[in-house]
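Here is what each chain is made of, one letter per residue.
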Amino acid sequence: MAKTAAEVVERLRAIGTPGVIGLLDPAQAAEPDPLGRHAPAKAVAPPAVEKPTAGAKPDAEAKTPEAESSAEEKPSEKGPSAEGTKAPAKAGPFGDPHLYVEPAHVAAVLQTLRDDAELRFEMLIDVTGIDYKKDAPVLGVIYQLLSLSHRARVTLRADVPKVDPAIDTAFPVYPAADWHEREAAEMFGLVFRGHPDPRNILLADDWVGHPLRKDYEFPVEYHGISGV
Amino acid sequence: MTETGTRPAPPPAPRPSTEEDLDRWSGELRSGEREFVLDVKTQDLEVNMGPQHPSTHGVLRVLLRADGEIVTGAQPHLGYLHRCAEKIGENVEFLQYLPYTDRYDYLSAMNNNLGYSMAVEKVAGIEIPERGQYVRTICAELNRIASHLLAFGTYGLDIGAITPFLYAFREREEILHLFEKVCGARLTYSYIRIGGVFNDLPDGWLEELSGFLDVFEEKWQEYNDLLSFNHIFVQRTANVGILPPEKAIAWGCTGPMLRGSGVGWDVRRDEPYLVYPRLDFQVCVGRGEKGTLGDCWDRYFVRVEEMRESVKMLRQLIRDIPDGPVSADVPRALRVPAGAGYVGIENPRGELGHYVVSEGGKVARRCRVRGPSFCNLSILPELMGGTMLADAVAIIGSVDIVIGETDR
Numbered sequence: 001m002a003k004t005a006a007e008v009v010e011r012l013r014a015i016g017t018p019g020v021i022g023l024l025d026p027a028q029a030a031e032p033d034p035l036g037r038h039a040p041a042k043a044v045a046p047p048a049v050e051k052p053t054a055g056a057k058p059d060a061e062a063k064t065p066e067a068e069s070s071a072e073e074k075p076s077e078k079g080p081s082a083e084g085t086k087a088p089a090k091a092g093p094f095g096d097p098h099l100y101v102e103p104a105h106v107a108a109v110l111q112t113l114r115d116d117a118e119l120r121f122e123m124l125i126d127v128t129g130i131d132y133k134k135d136a137p138v139l140g141v142i143y144q145l146l147s148l149s150h151r152a153r154v155t156l157r158a159d160v161p162k163v164d165p166a167i168d169t170a171f172p173v174y175p176a177a178d179w180h181e182r183e184a185a186e187m188f189g190l191v192f193r194g195h196p197d198p199r200n201i202l203l204a205d206d207w208v209g210h211p212l213r214k215d216y217e218f219p220v221e222y223h224g225i226s227g228v
Numbered sequence: 001m002t003e004t005g006t007r008p009a010p011p012p013a014p015r016p017s018t019e020e021d022l023d024r025w026s027g028e029l030r031s032g033e034r035e036f037v038l039d040v041k042t043q044d045l046e047v048n049m050g051p052q053h054p055s056t057h058g059v060l061r062v063l064l065r066a067d068g069e070i071v072t073g074a075q076p077h078l079g080y081l082h083r084c085a086e087k088i089g090e091n092v093e094f095l096q097y098l099p100y101t102d103r104y105d106y107l108s109a110m111n112n113n114l115g116y117s118m119a120v121e122k123v124a125g126i127e128i129p130e131r132g133q134y135v136r137t138i139c140a141e142l143n144r145i146a147s148h149l150l151a152f153g154t155y156g157l158d159i160g161a162i163t164p165f166l167y168a169f170r171e172r173e174e175i176l177h178l179f180e181k182v183c184g185a186r187l188t189y190s191y192i193r194i195g196g197v198f199n200d201l202p203d204g205w206l207e208e209l210s211g212f213l214d215v216f217e218e219k220w221q222e223y224n225d226l227l228s229f230n231h232i233f234v235q236r237t238a239n240v241g242i243l244p245p246e247k248a249i250a251w252g253c254t255g256p257m258l259r260g261s262g263v264g265w266d267v268r269r270d271e272p273y274l275v276y277p278r279l280d281f282q283v284c285v286g287r288g289e290k291g292t293l294g295d296c297w298d299r300y301f302v303r304v305e306e307m308r309e310s311v312k313m314l315r316q317l318i319r320d321i322p323d324g325p326v327s328a329d330v331p332r333a334l335r336v337p338a339g340a341g342y343v344g345i346e347n348p349r350g351e352l353g354h355y356v357v358s359e360g361g362k363v364a365r366r367c368r369v370r371g372p373s374f375c376n377l378s379i380l381p382e383l384m385g386g387t388m389l390a391d392a393v394a395i396i397g398s399v400d401i402v403i404g405e406t407d408r
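Those sequence lines, one after another, are chains A and B. The first sequence begins at 1 in my numbering and counts up by one. The second sequence begins at 1 in my numbering and counts up by one.
Bound conformation, chain B alone:
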């Protein structure tokens, strides 16, 4: 929009006559633009973001409605990656379903394995040996660091900072190497199984992990220097996409999304499972340090702080892990007595819930997956309304979605 060029004659009727009318007309625009705004007709613009867009972390499509630079509406369209996980769960045996759990949140496959295994174990009444529980907790926390590292790196990338991404992947690579030694896979592990874990940890693995933690703690400070307290990054994320705590609760947000709004709820502490009750750790919550409580920076920083808490937990786990079997004796063709149960665990992205109904045979009657990304994303239209178009990317990134999980 330039002031040169022909301007159409202003419409006679609604033209403001008094200073008061003028204020009403020009809304929030600065006074210098007033005169020009009065005689230009505006029209909402629909911008299609995705499904192929680098900042949507997969194949999410968001239909944005923009009034100039201001977003007036956002409509997410899902389903591009729907692979019928729940239907498959009703058609294969309990153990056969496990590899499918790797694939919904492929960045934290250990936690997915764990959530599903715990749900089946609950309905089947299986107890896990002590060492198995420790190994499970170690894998879940290590996977949390890997997942948050990716969230940290790609969030910088979304905002326009490329270097932190490379730093994050440097450490993530080490974690993937460690996982590869445990189960042979870098991403889709299927390591935590019904009854325990697939195999005991290799010799010397815990020492190696301990060495990695020493290195990682030093690097953690680098992330903050690079990104967290970087002035430009703070400017882009503080006071953007504010999610008040009562709204976060009403919309069923969980994980860093909920804690970023200052609600101290963490399934690991509040409804403990595995060996979490024996561990000493803090639940990180947003404090509105750089802007308003519940803004993008708060959500981002909860993840960064959680990485350090996970390191703390891992050190305690390495110290305390007992000897013994890692898995209960579970038959390959497991028959689960008739029953129904729900288990929610703290995934890196929030509460991953599995609702398993068994009819007393080898195959589940219903296998419901409650993906945290799906629920956290449902508040997106609320968060986007009234923000600037350039902030849309910052807001989507701060939700930290994995499309494999929203669509399942």
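With the rest of the complex left out, here is chain A:
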């Protein structure tokens, strides 16, 4: 059975699941387009944005088994030392490694994660979006999965271009995605193809804009109610 994110990737590759790009360490996971896949076409783009920082040693005291698997990954690009502060952190990056997948294959990967006997991620805990930067070319879609039988968790990330932020719905695989996807859609302007009920859920039906986008402008007025 696969417990850590690295083992999950290994297993997915072993059974030939399409669309698995690889594993992101926590610091990469915080960056938009960490592998330079959506960078504007200029010169020959490097396959990965790699700027190894000197002095950042692999974290010896990883807090969780998930973090341990990322110890071999490259160190943080913007670690505490780069900021020059007295942050209490020893050596980053801390957090969860993310499983990075192609948006076109998300539904298939989720199906495999749920049904494969080695994986058995029965439960979808959360679906959400993320807008990394105002000028980032992509929006992230983040899935949190939980395996009750193997007591394991994995975080899935797919990047969709901001110009066409569409991705297949997870609803047929996990009905739990229903409301989470509605929320992510209204907050980020994501489009979940095939969602059975794509109405707003927390916002009013006629709300303009997507509040969790970094370029969102707060409304000055809504139906005669002053916003300032």
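Among the hints, a few may not be true.
Stated by the list, open to error - Chain B side only, calculated, beta carbon under 8 Å to chain A, not exhaustive:
| no. | residue |
| --- | --- |
| 1 | GLY79 |
| 2 | ALA85 |
| 3 | GLU86 |
| 4 | LYS122 |
| 5 | ALA124 |
Said to hold, decoys possible - Mimicking PhoX-like on lysine-lysine, the simulated pairs with C-alpha atoms at most 25 Å apart in a straight line are:
| no. | chain 1 | residue 1 | chain 2 | residue 2 |
| --- | --- | --- | --- | --- |
| 6 | B | LYS219 | A | LYS162 |
| 7 | B | LYS181 | B | LYS219 |
| 8 | A | LYS214 | B | LYS87 |
| 9 | B | LYS362 | A | LYS133 |
Keep in mind that the hints were calculated from the coordinates and are not lab data. Fair warning: this is a prediction, and the values are worked out from it, not measured in the lab. Heads up, the beta-carbon is just placed ideally off N, CA and C, and yes, glycines get one too.
On the provided structure of chain A, position chain B as indicated by the hints.
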């Protein structure tokens, strides 16, 4: 509907001719009503429940579609209490966001503080001193009792039993007094902070807590006598709103909602955090004791039993708590190295998840809150279909939602 009064002439064409047709027409209605039913046209009725309704525990609006007394559809409308918590999380510093966490599930603010602090600590790589972990666990469990007491009391209120509510609030008041001594607030504590807790426990507080637990254990039996095994209450809740385990898993239900369906999953035991691995406690699951597995009574009773387990844990914590500092040294303007992490903890209502993404500065890039009430409520249309209108209240109450959390 009475049999007196003028009746319109029955429509000629679809009138049943044989006994078989008659059965099909009258459906599940009792045979005595058959003849009358045949020539009455019925129409679905839309009933608007909430947003101002005493049993929706806040401002939830449910649009019910009813065919007579039978609910054929339920459509929850959310967002009346949306306060943009996640947007605020991206605009204030890590420590400044803490008071906002109090306000999503305002009945278990300690657990909310804890969930957020743990997520930031995970991304920042902060270790908590031993005593700090014990104090955190004590507060989280005590808050769980307070929260379940309110769930217990208001559920009785929903069903029509007013007295248990008063009993529950009597004990809850004691807990709020204890919290007030710790941090000065009765509801929005902001006591558990990034790095540990705000301050050490006051002198003599643990003895006082111990005294409360002695009293509470006796009272716990009263709750069962009053409500849990009360015949009328069992009649109203057993076999109502049945949630089968496979459905609970597929819809992402967590906490007492999942355990009420017989799935033994508790983050405290299965993915231990704080000092839970050192504690001896049972994970309470529904057994279908009074009716079917996963009915409203099972969900209700899981909460009642969890209160007793929390008492058990608190006694062990009081016995074992070490001396030492309660908080790590965390700078006020905390800079968190770039990273992303998810932490889910067992809130009284289910798994409270925080997904924090830091870009390496003082402000989070993303602060996602996964509220258990939000996910547990999403199955409501499934639970309501085909039940009686009067059971709608019993079902909503058994989900135990806090609107501050569904809307955030």
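Query raised in the report: Given the hint that LYS219 (chain B) pairs with LYS162 (chain A), does the C-alpha gap stay at or below 25 Å?
Result: violated, 58 Å
Report task. Grab the minimum C-beta distance from GLY79 (chain B) to chain A and call the hint holds if it beats 8 Å, violated otherwise. Result -> holds, 4 Å
Query raised in the report: Is the hinted pair LYS362 (chain B) and LYS133 (chain A) satisfied, with a Cα-Cα distance of at most 25 Å?
Result: Holds: LYS362 (chain B) and LYS133 (chain A) sit about 16 Å apart, inside 25 Å.
Query - Straight-line alpha-carbon gap LYS214 (chain A) to LYS87 (chain B), limit 25 Å - result: holds, 10 Å
Query - Interface hint status, ALA85 (chain B) versus chain A (Cβ within 8 Å) - result: It is violated, given that the least Cβ distance between ALA85 (chain B) and chain A is near 11 Å, above 8 Å.
Report task. May I ask you to test the interface hint for GLU86 (chain B) with respect to chain A, counting a Cβ-Cβ separation under 8 Å as satisfied? Result -> holds, 6 Å
**Report entry** Supplied contact hint for ALA124 (chain B), tested at 8 Å Cβ to chain A
**Finding:** holds, 5 Å
Query raised in the report: When the nearest CB of chain A is found for LYS122 (chain B), is that gap smaller than 8 Å?
Result: With a minimum Cβ separation of about 6 Å from chain A (threshold 8 Å), the hint on LYS122 (chain B) holds.
Query raised in the report: Are the Cα positions of LYS181 (chain B) and LYS219 (chain B) separated by 25 Å at most?
Result: holds, 23 Å
Violation of the numbered hints given earlier is confined to hints 2, 6; the remaining hints are satisfied by the structure.
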